[in-house]
Amino acid sequence: MKSLTIILIIFLAMITGKVNATNLRGQIVRNIGGTYQPLPATRVDLMVWSNNKWTSYSYAITGADGFYYFNNFPPGATFCLLVLGHYYPPKPLQILNIPPPQYQDLPVIST
Amino acid sequence: MEYDNLDALYKILCLALILLVPLAPAWGLYKIAPTDKFLAKGNFSGFRINATGSAGIYIVLFAAIYSQTKPILAEIDTTRALTTQISQLQKKLPWTIKYNLKLMDTDRLHEIDQNEYARYVQVDSILCVPRALNLSSDFKTVQFYMDNQNVTDMGDTLKSQVLLNGYGTTSLIIAKNSTSVDAKSRTITFSPTIYKVTPRASQLKELNSHEISVLKINAGNTKPPVMAAQ
Numbered sequence: 001m002k003s004l005t006i007i008l009i010i011f012l013a014m015i016t017g018k019v020n021a022t023n024l025r026g027q028i029v030r031n032i033g034g035t036y037q038p039l040p041a042t043r044v045d046l047m048v049w050s051n052n053k054w055t056s057y058s059y060a061i062t063g064a065d066g067f068y069y070f071n072n073f074p075p076g077a078t079f080c081l082l083v084l085g086h087y088y089p090p091k092p093l094q095i096l097n098i099p100p101p102q103y104q105d106l107p108v109i110s111t
Numbered sequence: 112m113e114y115d116n117l118d119a120l121y122k123i124l125c126l127a128l129i130l131l132v133p134l135a136p137a138w139g140l141y142k143i144a145p146t147d148k149f150l151a152k153g154n155f156s157g158f159r160i161n162a163t164g165s166a167g168i169y170i171v172l173f174a175a176i177y178s179q180t181k182p183i184l185a186e187i188d189t190t191r192a193l194t195t196q197i198s199q200l201q202k203k204l205p206w207t208i209k210y211n212l213k214l215m216d217t218d219r220l221h222e223i224d225q226n227e228y229a230r231y232v233q234v235d236s237i238l239c240v241p242r243a244l245n246l247s248s249d250f251k252t253v254q255f256y257m258d259n260q261n262v263t264d265m266g267d268t269l270k271s272q273v274l275l276n277g278y279g280t281t282s283l284i285i286a287k288n289s290t291s292v293d294a295k296s297r298t299i300t301f302s303p304t305i306y307k308v309t310p311r312a313s314q315l316k317e318l319n320s321h322e323i324s325v326l327k328i329n330a331g332n333t334k335p336p337v338m339a340a341q
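Those protein sequence lines, which keep their order, are chains G and C. Under my numbering, the first sequence has 110 at position 110, and the numbering climbs by one with no breaks. Quick note, my numbering runs 111 ahead of the 1-based positions in the second sequence.
Keep in mind that the hints were calculated from the coordinates and are not lab data. Just so you know, these numbers come straight off a predicted model, no measurement behind them. Ideal Cβ positions, reconstructed from N, Cα and C, are used throughout, including at glycine. Keep in mind that a hint or two might mislead.
Keeping only pairs whose Cα atoms sit at most 20 Å apart, straight-line, the calculated SDA-like set for lysine to any residue is [stated by the list, open to error]:
hint: 1; chain 1: C; residue 1: K327; chain 2: G; residue 2: N97
hint: 2; chain 1: G; residue 1: K91; chain 2: C; residue 2: I328
hint: 3; chain 1: C; residue 1: K307; chain 2: G; residue 2: I61
hint: 4; chain 1: C; residue 1: K202; chain 2: C; residue 2: R297
hint: 5; chain 1: C; residue 1: K334; chain 2: G; residue 2: T55
hint: 6; chain 1: G; residue 1: K91; chain 2: C; residue 2: V337
Selected chain G positions facing chain C (Cβ under 10 Å, derived; list incomplete) [claimed, not checked]:
hint: 7; residue: Q27
hint: 8; residue: T35
hint: 9; residue: N52
hint: 10; residue: W54
hint: 11; residue: I61
hint: 12; residue: G63
hint: 13; residue: V83
hint: 14; residue: P89
hint: 15; residue: P92
hint: 16; residue: Q94
hint: 17; residue: P100
hint: 18; residue: T111
With these hints in hand, go ahead and build the complete structure from the sequences.
In structure tokens, the structure reads:
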């Protein structure tokens, strides 16, 4: 289990301006013997559709419980998730306008 | 340091001195001994001079001062060229990015204890691009440098993120014209209040009891979804 860390990343992404922010929450699991178990320490990329292409907008790392969180992201963007080389869901989602502390819950992903 | 362009004023001042300074002794001679004979005769800058009295004094002094102002004016131009170079170089200096972290506790109302910061913010574990260079003694401020080109390429809005175990990935956005961006000291300060995240505790149970569905891995999802061009 990773020791507690802080990762600072600067991305060269354009933002459209100050808008309401949404917190996204999701979980990655794996099927072990017919039972789903959380998958920790796994990178989840938030892929955003922008300028007619998919771009890795941000990433998060799952905790011990398999959950990952993207906080304070602007609503309206079309996105999908990239986990271990696979894209989810088949039809992309949109970041909704859900004010914190509520979360926009994302579909559970099984690797 | 900023250099104000007062070169034009300096040059005007020099020219004024050339014209006005010789007036004082010329006027003095005119007042004291108006009939004294003083002759100035010769060539000056292509002009043939033949003057007497206080006018002669004025022309002699004017010529003497004029010969000294040329180097001064040249020095002003050289200094301006150097200060312009310095200004250009200063605009390319890297920026200091500073994070003043405020981590909130589970109740979302209170900040975590001071001694808790060291648990979450550890200098040996800081990974970033570029690498963090400085962590304050209270583990609440993280500081590193970023190239001027990277800041320029970000456009009007600066976006960065903090990823903290127990707090998720938090997006931080500020406009370049906000007070958090100090172009003079080339420092950008983020002061995020970051909240602990809360999982859906029952989700795994719901999943294993088939109350909710799951997206499964398959051979077909190795490429991103196909989108219509906009």
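Taking 10 Å as the limit, does the beta-carbon of W54 (chain G) come near enough to a beta-carbon in chain C?
holds (5 Å)
If you draw a straight line from the CA of K307 (chain C) to the CA of I61 (chain G), is it 20 Å or shorter?
holds (15 Å)
With chain C as the partner, please determine if V83 (chain G) meets the hint condition of a C-beta pair closer than 10 Å.
V83 (chain G) check passes; min Cβ-Cβ to chain C is 8 Å, inside 10 Å.
If you take the shortest Cβ to Cβ gap from P89 (chain G) to chain C, is it below 10 Å?
holds (5 Å)
When the nearest CB of chain C is found for Q27 (chain G), is that gap smaller than 10 Å?
holds (6 Å)
Can the restraint linking K334 (chain C) and T55 (chain G) be considered satisfied, given a maximum Cα separation of 20 Å?
holds (13 Å)
Does R297 (chain C) lie within 20 Å of K202 (chain C) when you go C-alpha to C-alpha?
The hint holds at about 9 Å.
Q94 (chain G) was flagged as interface toward chain C. Is the shortest Cβ-Cβ separation under 10 Å?
Given a least distance of 12 Å, the restraint on Q94 (chain G) is violated.
Are the Cα atoms of K91 (chain G) and I328 (chain C) separated by 20 Å or less?
Cα-Cα ~14 Å, so holds.
Hint validation: T35 (chain G) versus chain C, beta carbon distance must be below 10 Å. Holds or violated?
With a minimum Cβ separation of about 6 Å from chain C (threshold 10 Å), the hint on T35 (chain G) holds.
Measuring from the C-beta of N52 (chain G) to each C-beta in chain C, is the shortest one below 10 Å?
For N52 (chain G), the interface hint holds, since the closest Cβ of chain C sits about 5 Å away, which is under 10 Å.
Have a go at the T111 (chain G) hint: is there a Cβ in chain C nearer than 10 Å to its own Cβ?
Because about 5 Å separates T111 (chain G) from the closest Cβ in chain C, which is inside the 10 Å limit, the hint holds.
When the structure is compared with the earlier hints, violations turn up for hints 1, 16 and for no others.
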